[in-house]
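**Q** Each chain, letter by letter, is given below.
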Amino acid sequence: MSYLLAAYGITLIALVSYGLALSRERARLQAQNSPRGDESGS
Amino acid sequence: MNSNPEGHGNAQASIPSRLESRASRWRRPMGYLLAALGAAYAWSVMSAPIDSTQGIIQKILYIHPPLAYGAYLGFVITGVGGVLFLARQREDLDRLAVASAEVGVIFCTLMLVTGPIWARGTWGVWWSWDARLTVTLLLWFVYLAYLLLRSFSGSSPRTARFAAIYGVVGLVLIPLNYYVIEIFGSRSMHPENLERGSLGDGMGLPFLLGNLTLALAFFYLLILRWEVEAQRRLDDASTSSGA
Numbered sequence: 001m002s003y004l005l006a007a008y009g010i011t012l013i014a015l016v017s018y019g020l021a022l023s024r025e026r027a028r029l030q031a032q033n034s035p036r037g038d039e040s041g042s
Numbered sequence: 001m002n003s004n005p006e007g008h009g010n011a012q013a014s015i016p017s018r019l020e021s022r023a024s025r026w027r028r029p030m031g032y033l034l035a036a037l038g039a040a041y042a043w044s045v046m047s048a049p050i051d052s053t054q055g056i057i058q059k060i061l062y063i064h065p066p067l068a069y070g071a072y073l074g075f076v077i078t079g080v081g082g083v084l085f086l087a088r089q090r091e092d093l094d095r096l097a098v099a100s101a102e103v104g105v106i107f108c109t110l111m112l113v114t115g116p117i118w119a120r121g122t123w124g125v126w127w128s129w130d131a132r133l134t135v136t137l138l139l140w141f142v143y144l145a146y147l148l149l150r151s152f153s154g155s156s157p158r159t160a161r162f163a164a165i166y167g168v169v170g171l172v173l174i175p176l177n178y179y180v181i182e183i184f185g186s187r188s189m190h191p192e193n194l195e196r197g198s199l200g201d202g203m204g205l206p207f208l209l210g211n212l213t214l215a216l217a218f219f220y221l222l223i224l225r226w227e228v229e230a231q232r233r234l235d236d237a238s239t240s241s242g243a
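Residue numbers (the working numbering), protein chains in the order written: chain A, 1 to 42; chain B, 1 to 243.
Bear in mind the hints are in silico, worked out from the structure with no lab data behind them.
Note that the structure is predicted; figures quoted are calculated from it, not measured.
Heads up, the beta-carbon is just placed ideally off N, CA and C, and yes, glycines get one too.
Treat the hints with care, as some may be off.
To give an idea of the chain B side of the interface with chain A (calculated C-beta under 10 Å), a few residues [as the list claims (entries may be wrong)]:
1. Pro65
2. Leu67
3. Ile106
4. Leu110
5. Val113
6. Gly121
7. Ser128
8. Tyr220
9. Leu221
10. Gln231
11. Arg232
12. Asp235
Chain A stretches covered by chain B per the calculated footprint, using a threshold of three residues with CB under 8 Å from any CB of chain B [unchecked claim]:
13. 6 to 20
14. 24 to 33
With these hints in hand, go ahead and build the complete structure from the sequences.
**A** Next up, the structure:
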C-alpha cells in the first residue's frame, strides 16, 4: 500500500508543483515584459 | 498582444504567434476538464479490483504506462516541431519543441520513478538492467541533453537548427523502446506491451481514465510551458535590444 501511495503521491506532487512553478514564472515574465514594467524599469 | 521583431528566420516574428495565442485560449477550459477528469480517475483507481497475483501494487498500472505515453508524446512533438521549424523557419514551432521536450522529460522522470517503485514491490529490486529499462533511461538522457543544450546555448537560429535535428534523431529510441521487449522475448523482465483484452475485468476504465487524465495534464502543462518560452524569448529580445 505504501509503494502505491508513494507512486501516486510523487506523481501528483511533481505535476502540481511543476504547473504552479510555470504559472509563477509566466506571471513574472509577463509583468516584466508588459509596457508598464518597462516604464518602471523593473 | 506583444509584438517583437526578433530578426530570426525569414519573417518578422510576433510573440506570441497566432498559433500560441490560439493554444492559450484552450488552457483554462482544459484546466476545468482536468479537475473533473482527475476526480473520476481517482475514484476509478480506488474502486478498481485488486489483482489476485500482485495485490494492490498492481494499481500502479493506471499511472505508469500513461506517464510513458506522455513522455513519448512529448518527444514526438519535439521532433515534429523541430522538423516544421526547419521547413517553415517559424520560431513559435521551435518554442513548441523546447516546451514539449521539457514536459516530456518531466513525464519520463516520473515514469522512471514509478517503475522502480512497482519493481521493488513485485520483483523485489528497485532496478534491473533489463532492455526496456535501459533504453528508457537512455531516452531520458537524450532529451535531458537536449534541454541542457537549449539552456546553455540560448535561442540563436544555429542552436535551434542543431537542436531540431538532434530532437528528430532521438525519436529513433521510441519505437526501439516499445518493441525491445519483443526483440528480447523471455529474457526481458519487464512485462509485455499491453494489448486489447489483456486487462482483467474492471481494469479497463481506470486505465482509460488514467490515459485521458495524464494526456490532458500533458497538454495543459505543454501550453503553459509554451507561454513561458514565448515570454522568455520576448524578455531576451528586449534585453538584447537594450529596451
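**Q** For every hint, state whether the structure bears it out.
**A** To see whether the hints hold, each was checked on the structure:
| no. | hint | result |
| --- | --- | --- |
| 1 | Pro65 | 12 Å, violated |
| 2 | Leu67 | 7 Å, holds |
| 3 | Ile106 | 6 Å, holds |
| 4 | Leu110 | 5 Å, holds |
| 5 | Val113 | 6 Å, holds |
| 6 | Gly121 | 4 Å, holds |
| 7 | Ser128 | 16 Å, violated |
| 8 | Tyr220 | 7 Å, holds |
| 9 | Leu221 | 6 Å, holds |
| 10 | Gln231 | 4 Å, holds |
| 11 | Arg232 | 6 Å, holds |
| 12 | Asp235 | 6 Å, holds |
| 13 | 6 to 20 | holds (count 9) |
| 14 | 24 to 33 | holds (count 6) |
The structure fails hints 1, 7 (numbered hints given earlier, in ascending order).
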